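Peer 1: Mapped onto this note's numbering, the consecutive letters of the sequence shown carry residue numbers 344 to 811.
If you are wondering where the hints come from, they were derived from the structure by calculation, not from laboratory data.
Predicted model only: the values in this text are computed from it and were never measured.
Among the hints, erroneous ones may be present.
[As the list claims (entries may be wrong)] Now the in silico label distances, taken between C-beta atoms and shown as ranges:
1. 674 <-> 529: 46 to 54 Å
2. 753 <-> 651: 49 to 57 Å
3. 463 <-> 749: 29 to 37 Å
4. 777 <-> 589: 55 to 63 Å
5. 462 <-> 646: 40 to 48 Å
6. 538 <-> 771: 21 to 29 Å
In this text, a Cβ means the ideal position worked out from N, Cα and C, and glycines have one as well.
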Amino acid sequence: DLMVGMEDFRLSGTYPTSPPLAVNDLLVTGALVKDNQSSIMAGGVVRGFDARSGKLRWAFDPVPPGMKPVTASDIANGASYTSSTPNAWSLITADVERGHIYLPMGNPANDYYAGKIRGELDYYGSSLVTLDAATGKVLWHFQAVHHDLWDYDIAAHPVPFVQQTVEGPVPGVMLATKIGHIFLLHAETGEPLFPVEERAVPQTDVPGEWTSPTQPFPTKPAPLMPDLSEEDIWGVTFWDKGKCKKLFGSLRYGGVFTPPSLQGSLQYPSFVGGINWAGVSINQDTNVAVAGYHRFPFILKLEQLKEGQAHPYPQHGAPYAMTTSLFGSPLGAPCIKPPWSYLSAIDLNTGEHLWKQSFGTLNNLAPMGSLFKWGGMVLGGNMQTASGLVFIGATMDANFRAFDTSSGQQLWETDVPFSAHAMPMTYRLRKNSKQFVVIAAGGKGLFEMVGSKTGDALVAFSLPDSNN
344 DLMVGMEDFR LSGTYPTSPP LAVNDLLVTG ALVKDNQSSI MAGGVVRGFD ARSGKLRWAF
404 DPVPPGMKPV TASDIANGAS YTSSTPNAWS LITADVERGH IYLPMGNPAN DYYAGKIRGE
464 LDYYGSSLVT LDAATGKVLW HFQAVHHDLW DYDIAAHPVP FVQQTVEGPV PGVMLATKIG
524 HIFLLHAETG EPLFPVEERA VPQTDVPGEW TSPTQPFPTK PAPLMPDLSE EDIWGVTFWD
584 KGKCKKLFGS LRYGGVFTPP SLQGSLQYPS FVGGINWAGV SINQDTNVAV AGYHRFPFIL
644 KLEQLKEGQA HPYPQHGAPY AMTTSLFGSP LGAPCIKPPW SYLSAIDLNT GEHLWKQSFG
704 TLNNLAPMGS LFKWGGMVLG GNMQTASGLV FIGATMDANF RAFDTSSGQQ LWETDVPFSA
764 HAMPMTYRLR KNSKQFVVIA AGGKGLFEMV GSKTGDALVA FSLPDSNN
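Work the whole structure out from these sequences, hints included.
Peer 2: Structure below.
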């Protein structure tokens with residue numbers, strides 16, 4: 344029972360959103376804690392269970408140094424986990440040889456207003472936390488966002504790799520973020536493999552709130568998405584563009600770390616943007632990483648609620664609720680120039696970007712939508728093959744595509760019955776037999792809100808025989 348130790352929060356919106364990680368004889372699981380409801384929510388504990396007996400081996404209660412964590416022994420004696428701590432809702436990964444478990448951590452409650460409410464619970468927030476698989480003890484952690492007020496938690500799964508240098512191989516782990524920052528870290532220490540700069544960022548003007556004076560910026564790889572300027576504002580028509588420019592001028596904006604405000608702040612690439620649920624793939628032979636990402640700006644606005652007023656993001660315990668909406672035109676399109684979705688390749692040895700390629704159309708979503716190669720949300724991972732191909736579905740246009748890993752050129756595409764938001768897989772039935780690529784296409788998830796067809800299909804494609 345995953346609610347043991349969290350009985351007080353059985354109805355508060357905590358549940359697993361990712362499968363447990365199986366490593367050696369352990370099952371490791373985290374859980375989502377519903378965002379922006381209250382400053383007192385279920386804790387973000389990560390637990391390691393014995394896969395044979397089901398017994399709780401260890402618990403990582405993500406409290407800062409100086410606070411006593413709740414342990415598996417404490418739970419056996421009737422204790423409860425610390426409430427409102429950061430959670431690991433996304434895919435947990437491992438380096439089996441090193442005995443490392445990599446946790447992509449979310450935020451402590453609430454997301455968009457902290458003030459003095461969180462105390463020191465930000466310590467592990469929006470971080471990559473590395474645990475010892477045998478004990479659940481923290482080996483190191485790296486924080487990608489300080490005192491996160493934007494819901495910039497880690498959505499992409501961390502991926503281990505080995506960097507090739509003139510001094511020899513260096514064990515690494517790749518951390519990709521919603522804002523398009525990619526950190527390449529030493530697997531044993533958490534130290535960046537390339538310099539990371541702490542840069543001054545805009546400060547809050549909200550009473551009672553505070554902001555970190557600086558935030559970490561990677562130098563290599565360079566951030567995927569530069570800050571917006573007025574030149575980036577766009578509309579489907581001249582009238583549409585004018586409305587977007589007027590809206591842009593009414594908002595507070597000073598880059599990716601513009602804090603939420605009572606005025607209304609522009610958030611780009613936003614809490615649903617960047618390298619998000621789709622994650623990354625790494626070819627271990629070439630050390631090329633490929634990531635799908637999207638650019639969707641949002642408006643964040645703090646507002647005081649009237650007594651008894653219902654709100655989807657009330658942030659109980661904070662003086663303000665949070666309202667979010669697309670920074671979009673009257674016609675419903677984002678107010679920034681398309682394309683809005685890309686694939687990008689990075690050389691992990693040098694930290695250099697190799698190419699980026701837009702992909703996705705408005706097929707099935709607009710009249711003659713296949714002619715509009717504007718992209719959309721990237722909801723689905725990519726797969727690299729040893730032969731130098733990248734396969735990906737992910738877009739809302741019900742297409743499945745293959746790209747050349749070395750150049751980014753699109754080589755092939757085909758229709759599938761519904762949009763394919765799963766990770767492709769490849770297999771052979773026996774040595775030297777045909778290779779197959781298979782993708783699950785259901786059109787489910789967020790795209791239901793924008794008219795994407797839904798259903799259930801598993802589609803397989805055959806590649807030529809290896810000896811041909």
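Peer 1: Against this structure, judge whether each hint is valid.
Peer 2: These are the hints, each one checked on the structure:
1. 674 <-> 529: 46 to 54 Å: holds, 48 Å
2. 753 <-> 651: 49 to 57 Å: Holds - the Cβ-Cβ distance for residue 753 and residue 651, about 54 Å, lies within 49 to 57 Å.
3. 463 <-> 749: 29 to 37 Å: Violated: the Cβ-Cβ distance is about 47 Å, outside 29 to 37 Å.
4. 777 <-> 589: 55 to 63 Å: holds, 57 Å
5. 462 <-> 646: 40 to 48 Å: violated, 25 Å
6. 538 <-> 771: 21 to 29 Å: Distance hint for residue 538, residue 771 is violated at roughly 43 Å.
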